[in-house]
Amino acid sequence: MDAPLAARGCALSALAFERVGKSYGATEVVRDVSLSVAEGEFVALLGPSGCGKTTLLRMVAGLVAPSTGRVLIGAQDVTALSPDKRGVGLVFQSYALFPHLTVFENVAFGLRRQRVSGAVLSERVEAALAMVRLPGLAARRPSELSGGQQQRVAIARAIAPRPRVLLFDEPLSNLDAQLRDEMQIELKRLQRSLGITTLFVTHDQSEALSMADRVCVMAHGVVQQFDTPEAVYHRPATAFVAGFIGRPNRLAGRIAADGRIDLGGGVLLAAGEAGATGTAVEAIIRQEAIAITGDGDGLPGTIVLRAFNGARVQYVVRLAEGVELVAETASSGAHSGLEPGTPVRLAIAPGAVFALPVA
Amino acid sequence: MKRHGIALAGPLALVLAVFFLAPALLTLPTGFREYVPGQGITAGSWTLDAYRDIVSDDFYREVLWRTLGLGLAVTAICLLLGYPLAWMIARGPAQLRMPLLLLVIFPMMLNLVVRSFGWIALLANRGLINNLLTDLGLIAAPVKMMFNLTGMLVGLVHIYLPFMVLMLVAAIQNVPRDVEAAAMTLGSTRRHVFLAITLPLTAPGILAGSILVFVLTISALVTPRMLGGPTYRVMATLIYDEYMQMLDWPTGSALAFVLTAIALAIIWAANRVARRWAVT
Chain A
1 MDAPLAARGC
11 ALSALAFERV
21 GKSYGATEVV
31 RDVSLSVAEG
41 EFVALLGPSG
51 CGKTTLLRMV
61 AGLVAPSTGR
71 VLIGAQDVTA
81 LSPDKRGVGL
91 VFQSYALFPH
101 LTVFENVAFG
111 LRRQRVSGAV
121 LSERVEAALA
131 MVRLPGLAAR
141 RPSELSGGQQ
151 QRVAIARAIA
161 PRPRVLLFDE
171 PLSNLDAQLR
181 DEMQIELKRL
191 QRSLGITTLF
201 VTHDQSEALS
211 MADRVCVMAH
221 GVVQQFDTPE
231 AVYHRPATAF
241 VAGFIGRPNR
251 LAGRIAADGR
261 IDLGGGVLLA
271 AGEAGATGTA
281 VEAIIRQEAI
291 AITGDGDGLP
301 GTIVLRAFNG
311 ARVQYVVRLA
321 EGVELVAETA
331 SSGAHSGLEP
341 GTPVRLAIAP
351 GAVFALPVA
Chain B
360 MKRHGIALAG
370 PLALVLAVFF
380 LAPALLTLPT
390 GFREYVPGQG
400 ITAGSWTLDA
410 YRDIVSDDFY
420 REVLWRTLGL
430 GLAVTAICLL
440 LGYPLAWMIA
450 RGPAQLRMPL
460 LLLVIFPMML
470 NLVVRSFGWI
480 ALLANRGLIN
490 NLLTDLGLIA
500 APVKMMFNLT
510 GMLVGLVHIY
520 LPFMVLMLVA
530 AIQNVPRDVE
540 AAAMTLGSTR
550 RHVFLAITLP
560 LTAPGILAGS
570 ILVFVLTISA
580 LVTPRMLGGP
590 TYRVMATLIY
600 DEYMQMLDWP
610 TGSALAFVLT
620 AIALAIIWAA
630 NRVARRWAVT
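Just so you know, the sequences run in chain order A and B.
At position 210 of the first sequence the residue is numbered 210 (the numbering used here), and the sequence of numbers has no breaks.
Heads up: take any position in the second sequence, counting from 1, add 359, and you land on the numbering used here.
Excised from the complex, chain B in its bound form (with noise of 0.2 angstroms):
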């Protein structure tokens, strides 16, 4: 059994291996290289410099707290405006179930450039919205939704919204039915019903459409890049910026690699919480 399960994955884990993995890796030693301002990299040095600078230079930790911050905001808004649809799609109206399964997996077929110029049109000071207030004469002068946490906070939701959803369905969905029925001959109320046996028999699909989210959102380079501007800046266009404005990449690789610790410490918290959590 073992033995089959390495044959079968083998081909997609060289894939990864070479092409994914290794190229990442790579990339690590350069963060431990000393960078000369005007004259780039020295060759064959080492240092610490850029990991210390990330944990000493207030801008690297307030970009750095900023992108954690977005990450748990995402996300939180994503689970509460996420269990409710997928509660409709899951338990609602069988008429209804398509329909609205189409229209989370939509927005997905959309290119995020795209998307994200959509949000442009309708968030900047002469966007859609402050046009329309404006006209109104509800506002004097535009209110200020982009370039900021407001205008990050609704592009991304809105991106990360379907993987939110279509995990949670797949959660819902497995609750049986009979349980639920059975809390209820015990007593239990239907909000009893919700908070002692739902949401708990839920919790592994909240968890895994989570950390999905949150990963997804710490890592997100092109809306942030377009709704944050070049000043309001996360980590990954932080990095962006570092290997190609700056042509820092020992700080650059250094942030990377911040980076993908954090996201693969969330993971991995998060797997030790589902096992404990695991019933079947």
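So here's chain A without its partners, still in its complex pose (with noise of 0.2 angstroms):
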């Protein structure tokens, strides 16, 4: 069960957007996305605001038309499907809880759209909002709750009516970051104990690959790359990911004779993939691809700065007139305690730096 459910090759896709596009009068917000995604599976919507991620997740809810293409759950096209009729839960930023309603009519809601009553209705609210861990609160009105608990009736609410489909729009977006972080493994345990198919929208970028079994990156409308957390992380496959993804140091600089990326001040930088000589790019490099060693190889630098963050320690290191970078390294670690003005040098591999053009 751990493995994800993509890597065993699950042809069964449980939610699948055909080639959809969406635009408002000429703006195109959501071009040409084709996903496929396995049943059970998390999958997690990542990117800047504006890149039409909640749009996406709005046409699987039917609360958004698209212009073209087609959007599937399971094998039934639901493009034309009125929202009701579809059977899926959504989990709002808001929370859009019923302020009218007590918290158990709030989850009551949906099971009573579908008939559900008596001692069976009481049982399944109960079990709901036992999942999301709030028991006793079933008689209160949603503004006699705190921020977390709210997010857990909307929890509950989605999830009552044993919906296709789960889909969250930034859910944990409005909680405090000590919160957020309880929730993030609380609702991942969730989804695995439900086996709901789940799409996750999140501009977070640590959320979507800590939760999701996919991660789907998208930029302008479009998808950047769709696969593993890992992939996504260590692969990027276009610039926009390499750039969006980890803590990244931009420097500008030229492609060399050598291939190498020149920085100026006589710095070069080895790159996995550079272009053709002369071009000039921006060479992104993460803080934590950033090896510090006391002596040997690598790039010679000096510490301007140190910040110490807890858990890592984060240096400002000048390679040269103008050329400084950002590199980190756990708090713990053998060189946790450099001063400013100490020589160090820094490795950093090839395959960790990327050369994108600059347009």
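Hints are supplied without guarantee of correctness; some may be wrong.
[As the list claims (entries may be wrong)] Each computed SDA-like pair below joins lysine to any residue, with the alpha-carbon atoms no more than 20 angstroms apart:
| no. | chain 1 | residue 1 | chain 2 | residue 2 |
| --- | --- | --- | --- | --- |
| 1 | B | Lys503 | B | Pro521 |
| 2 | A | Lys85 | B | Thr548 |
| 3 | A | Lys85 | B | Val552 |
| 4 | A | Lys188 | A | Gly148 |
| 5 | A | Lys85 | B | Arg536 |
It is worth saying that the hints were derived from the structure and are not from the lab.
Everything numeric in this text was worked out from a predicted model, so none of it was measured.
Combine both chains into one complex, guided by the hints.
Printed below as a string of structure tokens:
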């Protein structure tokens, strides 16, 4: 059960977009997106705001109609189906609880629409509330709950009718950091135990990478990469993904004659794939891909600034006049206590350096 | 905080107390004086006659019930006409919003008397509508649309509809779209979303608009006088006549305070209901 379902070669798709596009007037929000999500899979739609990820999510719920293409749930084409007949559960960023109804009636809402009543109804409402670990509050109004509790009610309300697909629209972005970390783990566990196919929209990369079986990175309405978190992180498919994931340094440079990137001031950096000699590029190097070594090989530099943030230590390292980058290391490591002015050497694997042509 | 509130509301409260509340209360004792036709008020007398008359006299009772019935009818019609319009303004195409809102507000800029005269020109026995229908041969004798309930309903609905619409627009705009969308994803049809979500969430607005229209209607004077004529009377016109025509100030005062008591009771009851509905 732990292996990503996509990796097991599941042929059955629970949710699919077929060449889906959406335009508002002349503005194209989603452009020719084709995606297929396996049964029980947890997929994160990741991208900056305005990349079309929420539009795509709302298309599954039927709240936005695609301009072109088809949306399929299981084998059924739902493109023209109204939202109430789709059997999806949607958790909104704003929670969107019914303020005039109690917690019980909020969770019971979808079940009542399915004509569930009596003892079965209360049983299933209680079960849903227990699943999100929120028992004993059924009689309250949403306004009497904390943000985290409202969030749980919203999740319980979405899962209670046993939807075919579960949709999350940035559900954790209104919670404080600690609660967010807690909910990430809890949500993932919940999704696993329910086995419901899930689409999760977020702009937070750590959320997407840690929770999802597969991550779909989007930009400007186009899918940039749809792969496992590991692949998205280590083998970014496009320049956009390389610059969006991780904590990158961005340095202006030019491809030198030997294929390395000339950052100026005599600094040459080996890159995985460079390009034609003389091309102006932006070199992208993740902070965490830079290893600080005391001696030996590597680029020589000097520590300019040290910033301690608990688990990690960040250094600003000057390589030459005008060429500085940020490197980070574990705060318990050997090179965690370097003072400004200390000469260091930086080892950077060529595979961790991405050269993006500057338009 | 509390002291600040009193200080800020102070000037207005003072103006209201001196120029509105005090004069109104000064007419309260008048209602308990004895009135002798042809002679006037007997100074220093105390009696409940005026109030007893209102309760026992069929004519007064009829006017009272007519006024309340009119208030209910005008409120109901304003609500039925106003809700769809408010919906269009709040949810319709953006380019329609401003024009519709202006159309709603424009009539409020015209004087009441002018607007009522407009209705007289339309509804009178020899008015535009009757002349048109007669000329077309659709009717032989003019249809009576004035000096009766029809005329008053038409005129009052026209005058108080904007109040209702403005209240409802605010209420409908306050309903989060995501909450309605959530109901849809949970299996609600459009109809069910409206009945189960939108309507209850706009109920405070409906209540506020209804109270406003009802209270304004039962206390309206100009329009009922012009469209109701001298014989088809409501409380406000009756009070005016008692004071100015009959010079029976005690009865006029008693009628005025009965009307005020009804209005206050309704506002109080509505506040209690609204507090029970309060959802934030």
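Results for each hint:
no. : hint                  : verdict
1   : B:Lys503 <-> B:Pro521 : violated (27 angstroms)
2   : A:Lys85 <-> B:Thr548  : holds (9 angstroms)
3   : A:Lys85 <-> B:Val552  : holds (14 angstroms)
4   : A:Lys188 <-> A:Gly148 : holds (16 angstroms)
5   : A:Lys85 <-> B:Arg536  : holds (19 angstroms)
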